[in-house]
Structures are given as structure tokens and as C-alpha cells.
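We have chain A already, so just place chain B with the ligands on it with the hints.
Heads up: the protein sequence lines correspond to chains A and B, in order. According to our numbering, the first sequence holds residues 1 to 769 in order. According to our numbering, the second sequence holds residues 1 to 266 in order.
Derived from the structure by calculation, the hints contain no laboratory data. Just so you know, these numbers come straight off a predicted model, no measurement behind them. Just so it is clear, CB atoms sit at the ideal spot from N, CA and C, and this is done for glycine as well. Any given hint could be a false lead.
Claimed, not checked - If you anchor each label on the Cβ, the simulated ranges turn out as follows:
hint	chain 1	residue 1	chain 2	residue 2	range
1	B	VAL85	A	GLN540	38 to 46 Å
2	A	GLY246	B	PRO236	33 to 41 Å
3	B	ALA63	A	GLN513	34 to 42 Å
4	B	PRO234	A	VAL223	29 to 37 Å
5	B	SER241	A	LEU565	50 to 58 Å
6	A	GLU616	B	ALA169	41 to 49 Å
7	B	PRO236	A	ASP503	43 to 51 Å
8	A	GLY619	B	GLU66	16 to 24 Å
9	A	ALA47	B	ASP214	45 to 53 Å
10	B	SER241	A	GLY519	17 to 25 Å
To be verified - Short, incomplete list of chain B residues facing chain A, as computed with Cβ under 7 Å:
hint	residue
11	ASN207
12	LEU208
13	ILE253
14	ALA256
15	LEU257
16	GLU262
17	ALA263
18	PRO266
To be verified - Here are a few chain A residues that face chain B, going by a calculated C-beta distance under 7 Å:
hint	residue
19	SER206
20	THR210
21	GLU211
22	ALA214
23	PHE215
24	ALA218
25	LEU219
26	GLY221
27	LEU225
28	PRO315
29	GLY316
30	LEU317
31	LEU551
32	GLY554
33	LEU557
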Amino acid sequence: MSAAQLQLVSGVEGPTRTLHLWMRQRDRLRPLFTATWEILSQRFDAAEMDAWAGAVLDLANVNAGPSCLIAYWDASTSDGATEIAPLLGAARSGAEICRHAGAQAATDAFKALSAARRMLGSGAALSRWWRTMEKLATQAPESLAATAHHMAEILRPGTIAAFESFVAAGLRTAAGDRRKRLAFFSLQDELAQRMVARDPGAVTFSDVETELKAFLTALYGEVPLLRSISTDESAQTPQRRAAIAGPLIRLPEIYRGVQDDAARALFRAAAAHAQAHLALGRARFAIGQLKPLQVALVNLIEDARVETLAMRRLPGLRRLWAPYHVATPTGVATAPMLLARLARALFDPDYVDADGFVGKGRALFAAALPRLDEHAISREIGMLLGNDLGQMRVQFNAKTYVVEPLYRDDGLGLWDLGDDTTSSAETLELFIEALRPEQQESSDGPPREQDAANAAAEPGKARPAGPDERGVVIARYPEWDRVDAIERADWTTVREVAASLGDAGSIDQALEQASVLRGRVARLVRSVRLGRTVRLKRQQDGHDLDLDAMLDAGIALRSGETPDLRVFRSAKALHRDLSALLLIDTSESTRDRLASGATVLDVERLAVALLAEAMEELGDTFGLLAFSSDGRDDVRMTSIKRFSEAYDRDCRARLAGLSAGLSTRLGTALRHAGGVLGKASTSRKLLIVLTDGEPSDIDVPDPFDLIEDARRAAIGLHAQGIDAYGVVLGRAGVEAATRIFGRRNTMLVHRVEDLPARLSELYFRLARR
Amino acid sequence: MILDSYRIATEPYYQPQGQEIATFLAAYHERLPIMLKGPTGCGKTRFIEHMAWRLGKPLITVAAHEDMTAADLAGRYLLEPSGTVWHDGPLTLAVRHGAICYLDEIVEARQDTTVVIHPLTDARRILPLDKHNEIVPAHSDFQLTISYNPGYQSAVKDLKESTKQRFIAIDFGYPPPATESAIVARESGADADLARLLVTIAERSRNLQGHGLDEGASTRMLIHTGRMVRAGLPLPVAVQSGIVLPITDNPDIRAALSDAIEACLP
Ligand SMILES: Nc1ncnc2c1ncn2[C@@H]1O[C@H](COP(=O)(O)OP(=O)(O)OP(=O)(O)O)[C@@H](O)[C@H]1O
Ligand SMILES: [Mg+2]
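Same shape as in the complex, but just chain A:
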């Protein structure tokens, strides 16, 4: 613990002190607690930390138990947890669940939180999610764990309202029958399945996220930070608009009533508009003495300004945005109507509108065109027009106003919410209330650095296991202590854990679904088998003539000597003198779900299955080994296929049976893999490590320690003549992997979905040498 924390502990009365004292007696929990505390202290101030400590104590007071506490800490340090309020709420709900349904249920609920955050954001929708979970804990305690386990599927429809009606329907149809309830909430029931099936035309943020990210990157040359905001299902409230928060673009989870291609186009329009603000506008307006109407107009002019700038560079954007400008110069001239008409007038040069206000707006904007690069013109023109409209005495209600057209952002991201204490600050509040309802519960200021810097999940740290679950000890290895700079002998214990058998058929099925890729790999295999030949020169027979041997024979003939008749070239299939070991990281973080609904582990599994099939076909010697860890005494190795074994149905069943959990003590795993490969008799030994993050373990607070240890282990492998390659899924682990394996031996797979293709490619390239 650092000095600052000790001071805190000894200095202040209150939850922080109580919690630290309480932790003193808990050896197993303490390292992880310290790590958690450290991470959180960087995000939150002392008062907030005090509140958090109180929350932990509340959980401890309902006997939540270590697993539950750890799950809560994980939820607290995870990426999505940038605000304190939702975390405190989570602990309250967790305690409530614990009281009614037990500690395991609360633990499961915390684990389901990341899925909930992903679909619902961390605002009002998430509070409603917790309330629904509490309701479930009181009314159907036996079903809470099942619900938590299936959370990603249950939330597939993508909105909180859908979740609420799902739970309500489950409680209603089971009518108090526990067995029926359990069947419903574990999605065995037909109605349940129907309810979580998505509207086939619906397009949610996660469906388009990858594509949008690439689209914006291509457009503006900067990689955007995209997030979703939960949307309210009920048709009474207006559709949420996109929002900008610091560097983040937040898009609605779903645009209600818009489907298929139309929805995709709308997401693109909204994203392209928001990113135009960030890439070209970069305005930060001070609120000063502005009235709500003026704020709305400044936003409107700024929108027109950045769009004009963007269309100068990329004229086709006009086609993307034009369909949403549908205001017409008719009807009652209310303020929102006039604003929508002005927005159209500034966008569409062919739009005719005789209204004086609209005309004036157009003229002012046209006059300012030479200064289009300055965001000051937006403020100037917006203020002038706001005055005019004010004098026309049209009604403007900031509380009900929504930006038009639909694809534009709510405009709040353009305003400096800083320490502006002037009276007009409440102007913004009015808007905030109207536009971003969840902010009443949790402040939504500029995001913290962690959030902006990194979207990928942190490596998994998972619950400690009881001694009974541990496997047979098969080896002990040293570990490097970075702080003391010494190697600690026999520091880690490797246990062999028997594989649990899954359904081999599921692997075959997955392979069939990936038929295109499978075909590509099969072609690679064929070409290797063809090309993997030594060209044998000077042969008795063969498929073509050996030019050099022919020449020699010709020379011999002419000079009267007996020619060597071995003038053919033939190709012989080359037995590859190579053994390859695939080391598969199955730590907790591989449980994360991708946009497609598959987990990281599912993709790893497919990748391995695809490659294994190819290696078997090629007759290469290979082994498959999965690893995870739970502290230094319990580094688990599960053998999927040994070198000597054939890759058969049993191997596939073991592969299918892999499950995600625990942590990643990479250095030990590398040493062990070195031992396994070391026994192989081939001259070339290849180790490919598949991991989705940096090493971590519950008993090592500083990940650098494990990175450094793994780096040393990798150097050791090199000395043993083993080529070790790291294949890293997602940006998050790449820095660590580069340190460990070296830049040239690290392959980054940006999109997890690309892994199957990339892994096989890598193997084919490596094995060719």
C-alpha cells in the first residue's frame, strides 16, 4: 500500500478506514483489493472513494462472501465504470439481491453487469435493469442465476423496456411454479425464446459499430470513439439523438421504427455528422448570458457550418443527409418548425422559403461563408437570430425541444459545461433535462481518460477456487520478481486439469458455417502439399528434366565419357521437420461477447479447430494446450491434444468443452509449453500463443510484474531453440505482447472475428520456412 493510502487509513474515520481495517485480516482477498483500490483512486476523489468503501462494506454486511466482493470489484474497475453513482447503485442492488436470493445470485448478477452495460449504457436504463433484477430476486430467487447467465441473449432485443417485459412475462406465465419459471429464465421455454428473438428488421448500434468505425475512419482519417446510449422504448418520448461527450460519439442503441438499410443509412448519417463536429468543427462555446433559444440556434448554425465544411471536401455527404431534411414552408410557424425550416434552408440551396426569419438566417450565413473556418460565426449568427425570434414572440420550450433533423446530435457536446457559474448555466440544464434524461441520475460529463483511451475489456481476474477444484500438480516453475530483481525458485505450481467434454458436433457445425474460410484454408493446405516438396535434382526419373544435369550429361557424351543418366528433376513430398504447440488463453475475459453474440472463446475455438484440421491434413506434429490461472499455486493446464495423439473426435469434444474463467499467468504457461515442446524431436519447434490481453493474476497487483516474467520466459524459450509467437486479440494486449514476444513475433488481430483467418495464415507462413 502506498503512503497516501496509509495516511488515509490512519487519518480519517469512516468507511475507507473501516474497510481497510477489515481487509487486513483477509490475506487472500487483500492483493486484489489493493489493486482495485489503486485503480479506482485514480478515477475517483476521496469522497467518492469513501462512498465506494461504504458500498463494499454494505455488501460485506449482508455476507456477500469473497466471490461476490471480487465480482463487484471487477465490475467497479471495468471499462464501463467511469462514474461513481451507478457503482453505488450496483452495490445497493447487489446487497438487496444477496438478501433475497443469496450470495451466488448476487455474484452472478455482478458478472452479468458487463453485458447489461454494453447493451444499456450506464444511465437510467441500467438503473432500471438493476431494479428489475431486484424484483426477480424477490419474486423468483431460484431463477436469478439462470437469468444472469443468459443475460447477453436476453438483452438481445437491445432495450430496457424489452427486458422489463421479458421478466414480467416470465413471472406471469409461470404463475408461481418454480420449475416453469426456471425453464423460462434459462430460455428453455418457447415464449421466452420468442421474446428474446429480435425483430428481424431491427438494426442496433452493435450491429453497425464495426462498419461505422471503419466508415468514419475512412472519411476523416481519425479513428472515432463510438459508444451507444440507451434509448427509451416507449413511443411517448421523442427518439434520442446522437450525443457528443468530449472525444466520444454516442449513438442511440436503436432508431425506433427505422429498419434494415434505412436504419443503417441513418446511423451513418448521424455518425458522419457527429464526427464532422469533432474532426472539422472543434467548437467549444461558452454559455455566457445566452437564452435557451439562442443556444438552440447557435447549435443549428454550427451544424450547418460543419456540414458545409465537410461537404466541401466530401460532396457526396449531401446525399447521406438530404433525405432527413423534410421541413416544408407551410403550417404554423412555431419555433421548432422555424428552426427545422432554417436547418433545411442552410443545407439545401434549392429549398424555397419565403419566411422572413428563415430568409434572414440564410443571408447571415451566406455573408459569413468567407469565414466558415471560424466557429465564432455560429455564436454570432445564433445570437442575432435568437433575438429576432424572441421578438417575434413565438413560443419556445427548451424542455420539449428536440433537434431536427433526426440524424443530428443534441448539440450539448459543443458547450463548455465547465465552471460556468453565470445565471444562464441553468439554460443548459433545461436542455440537459430534456435531451439526456439519465443525467438527472448520473452526471455525464466528459469521459475519463481510461474510457476514451481504450474500449477493450481488461484481462480477466476471477474468483479464487476452493482447494477441491484444483488439479494434479505436474510441475513447479520459477518466477521473476521484478521489484526485487531475483528469480524465485519453484514459485508457481502447474496443475493438470482434465478437460471437460463438450459436444464435438458443435465444432463441426461451426466449421461448416465458416465454409468460405475453411475452403480458403483447404486451398492453402493443397498448395502447401504441392509446394511442400523438395525439388530433387539429378534423379533417375521425374516429371521434368534437370537443366544442369542435362548439360553435364551432354558434355560427358561429347567428350566420350559415360554420362550420368540421372538427368531428371522430381519433387518429393517433404516431411516437415516441425512440431507446433498452440497455447490457448481461456481466462475470464474470453467470455466477452462480440457484436455477433459469439464469445471471444467461441472465436478462439473456431480458429483452433480450423487450424487443427489443416495441420492434421498436412500431417504436421502438433499439440493443443489451454491454460488459465488462479494465483501462483494454481496455474491450470488442460491438454486438448497431445503430440502423439491423433486429432480425433475426442480432441474436438475437449476443445468444445473449454470454458472461460480465471486469469492469465503467461510466464508460467510459457515455461510449461517450453517443457512440452522441448521433448519433441523435430529440429524446428514452434509455439503459438493465443491471448486476448496482457498477463494478470489475482495475487499480482501490478501487471508489469507478470509481463516482465513472461518476457523472461520467452527469452528462455528462444534459448531453447523454440520460436514463440504471440497472437493478440484486440489492441489492449498488444503492448504487453510486444514486450514479451518482440515486435516481429507478435501478431495483432484487430477484430477478434478475423482470428480464424489470421491464425491459419500465420501458421502457414511460419511453417514454410
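Below, chain B with the ligands without anything else, positioned relative to chain A:
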């Protein structure tokens, strides 16, 4: 003269991007070997042709490939009616008679092939021909240039350190938009507006480099697309077939790139 057929008679059009011409001239003056680095289709081949013309030296180009052996470079005995005759390979030809030898895509060759250039590219400037029992000292006009695309992934294919460190390097990137438009216009016959548009489109794809694409669209691709338009194909179709489809098979990236390109079109 023996190498006359390797001489370049008319000036190959080359649009300079930076100091590359001066660098090449200085290196040639000192007879130092040169490495042209850069993504595919950015003018490396064109540049060496231009330089050979400018220096008035013959240019012998060899495209390296995986099966290339040292004999393919250095030479072998051939059988002729009169007996066996040693036949110089392209490299030996250049060394003996004084040409610029251009080894294109050097990383494609196996490393044991690549090492034959080592004695040529250090102070010795000789080519030992073991089979022919001869050591060929390099002609004073001889110069070796190689091309090399560092690429995005280089886990396997790379040059040996001892090879790399023998060369003066010139880096070729994509030229600035105005320059590139001029190149595209001239080479494809597209009008200035179309050329500029094609370059804007290329920028979209280059933005995705490292974020879904290994490399963005090359100048060569733009020229090809421009020519497809000139041959009467509508622009969006030409862009699809000339840029989007060749460059990626990933459906998300394809869709994103198509949409971004759509945003460029007037
Ligand atoms: N600076 C330039 N001046 C003139 N033409 C250029 C220039 N850059 C590119 N080009 C045009 O682009 C085409 C492709 O260039 P070139 O063939 O030289 O590419 P390269 O760099 O050798 O590519 P690769 O690595 O794929 O062989 C040329 O045929 C030429 O039309
Ligand atoms: Mg070339």
C-alpha cells in the same frame, strides 16, 4: 554494344516527390547500392527506369520469386552445338558490362539466394562465380538497386539484417494530392477533375490502413480506374472493380469503404 537492348531511349515520365533524384544521383556517383522502399504501385519501378535513362545507363530488371536460385541470377552452362558455353545470368551481365541491375521485390527470394549480392554490395564489388571458376569485378558503371515493400505484416518475410545494412534507402510514399492527381491525369488520360476525385477516393482507403486494410489504394490502382472510366465505364462501377473489390474481402470494410467513397462523389 552488348547491353544496347537494355538502354532506355525515351524519357520515362517521372514526377519527383522529394529528394529522391538527388539521393539516387549521389549514391550512384559513389556506386553505393540502393534500396527503394514503399508500398506497392507508388512509382518505384518507374523511378528506376527514369534514373537509368537520366544516367544513360542500361537497366536490367529481375523480378525475384520464391523459386529463384543463385544460378538464375548469376548464370549457368548451356549446351550448344559447339560444346558447352557459359551463359551469364542477368546479374552477371550487369556486373560485367556495367548496367544498373534492379532486383524487384527482393524479399520474395529465399535468403540463401539473396546472399549472392553480398560481395557486390560492399567494398569488394565483385561477383564470385563458383561454377565458372571466375571472379567478376564489377564494371565501373555497375550499380545494384533493390525494391522492398516493408508491408504491414512482416513476421516472416524480411531481409536479413546483413543485407539491409548494405543499402542506401529511399522511401516512397504516396505523393501529395496535387502531385498524385497530376500523375494520375497524365498516366490514365483522365481529366483533372476525375484525377483529383480519384485521389480523394484513395485517401479514404489510405485512412483505413492499419484499421482494416493492410495497404491503401496505390497510384497504380487509380491509374487503372481512370483508364476504365476512359474506356466508358461509369465511375462508380470503375471504382468498385478497380479499387474496392481488389483491395479487401472483409465485408464490413468493403461496405465502409464503399460508403466513404460514395461520400466523395459529386
Ligand atoms: N512519381 C511518379 N511519376 C510518374 N508516374 C508514377 C509515379 N508514381 C507512380 N506512377 C505511376 O504508377 C504506376 C505504378 O508505379 P510502379 O510500377 O513504379 O510501382 P512500384 O512502386 O514499382 O510498385 P510495385 O512495388 O507493385 O512493383 C506507374 O506505372 C506510373 O504510371
Ligand atoms: Mg514495381
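A quick look at each hint next to the structure:
Restraint check, B:VAL85 to A:GLN540: a C-beta distance of roughly 27 Å breaks the suggested window 38 to 46 Å. For the pair A:GLY246 and B:PRO236, the beta carbons lie near 37 Å from each other, so the given range of 33 to 41 Å is met. A hinted range of 34 to 42 Å holds for the C-beta pair B:ALA63 and A:GLN513, which are about 40 Å apart. For B:PRO234 and A:VAL223, the Cβ-Cβ distance of about 32 Å falls inside the hinted range of 29 to 37 Å, so the restraint holds.
The supplied range of 50 to 58 Å is met by B:SER241 and A:LEU565, whose beta-carbon atoms lie about 53 Å from each other. Checked against the hint of 41 to 49 Å, the pair A:GLU616 and B:ALA169 passes, with Cβ atoms roughly 43 Å apart. About 47 Å separates the C-beta atoms of B:PRO236 and A:ASP503, a value consistent with the hinted range of 43 to 51 Å. For A:GLY619 and B:GLU66, the Cβ-Cβ distance of about 22 Å falls inside the hinted range of 16 to 24 Å, so the restraint holds.
For A:ALA47 and B:ASP214, the hinted distance range of 45 to 53 Å is satisfied, since their beta carbons lie about 49 Å from each other. Our hint of 17 to 25 Å for B:SER241 and A:GLY519 holds, since their Cβ atoms are close to 23 Å apart. With a cut of 7 Å, the hint placing B:ASN207 at the interface with chain A holds, because the nearest CB-to-CB distance is about 4 Å. The beta carbon of B:LEU208 is positioned within 7 Å of a beta carbon in chain A (closest approach about 5 Å), and the interface hint is therefore held.
A hinted interface residue such as B:ILE253 counts as satisfied when its beta carbon comes closer than 7 Å to some beta carbon of chain A; here the least separation is about 5 Å, so the hint holds. Residue-level restraint check for B:ALA256 holds (minimum Cβ-Cβ distance to chain A is 3 Å; threshold 7 Å). The beta carbon of B:LEU257 comes within 6 Å of a beta carbon in chain A, closer than 7 Å, and the hint placing it at the interface holds. At its closest, the beta carbon of B:GLU262 sits 5 Å from a beta carbon of chain A; the interface hint therefore holds under the 7 Å criterion.
Restraint check, B:ALA263 versus chain A: the minimum CB separation of about 4 Å is within 7 Å; hint holds. Interface restraint check for B:PRO266: the shortest CB-CB distance to chain A comes to about 5 Å, inside 7 Å, so the restraint holds. The closest approach between the C-beta of A:SER206 and any C-beta of chain B is roughly 13 Å, which is over the 7 Å cut-off, so the hint fails. With a cut of 7 Å, the hint placing A:THR210 at the interface with chain B holds, because the nearest CB-to-CB distance is about 5 Å.
Of the supplied interface hints, the one on A:GLU211 holds, with its beta-carbon coming within about 5 Å of a beta-carbon of chain B, less than 7 Å. About 3 Å separates the beta-carbon of A:ALA214 from the nearest beta-carbon of chain B, less than 7 Å, and the hint is met. Interface hint status for A:PHE215: upheld, as the beta-carbon distance to the closest one in chain B is roughly 4 Å, under 7 Å. Because the beta carbon of A:ALA218 sits about 4 Å from the nearest beta carbon in chain B, less than 7 Å, this interface hint is met.
Below 7 Å, beta-carbon pairs count as interface contacts, and A:LEU219 has one with chain B at about 5 Å; its hint therefore holds. For the restraint placing A:GLY221 at the interface with chain B, the shortest Cβ-Cβ distance is roughly 4 Å, inside the 7 Å limit, so the hint holds. Annotation: interface hint on A:LEU225 violated; nearest CB of chain B at approximately 13 Å, more than 7 Å. At its closest, the beta carbon of A:PRO315 sits 5 Å from a beta carbon of chain B; the interface hint therefore holds under the 7 Å criterion.
Interface hint status for A:GLY316: upheld, as the beta-carbon distance to the closest one in chain B is roughly 4 Å, under 7 Å. Hint status for A:LEU317: holds, given a least beta-carbon distance of 5 Å to chain B, under 7 Å. Checking A:LEU551 against chain B: minimum C-beta separation of about 5 Å stays under 7 Å; hint holds. Restraint check, A:GLY554 versus chain B: the minimum CB separation of about 4 Å is within 7 Å; hint holds.
Because the smallest distance between the Cβ of A:LEU557 and any Cβ of chain B comes to about 10 Å, over 7 Å, the interface hint for this residue is violated.
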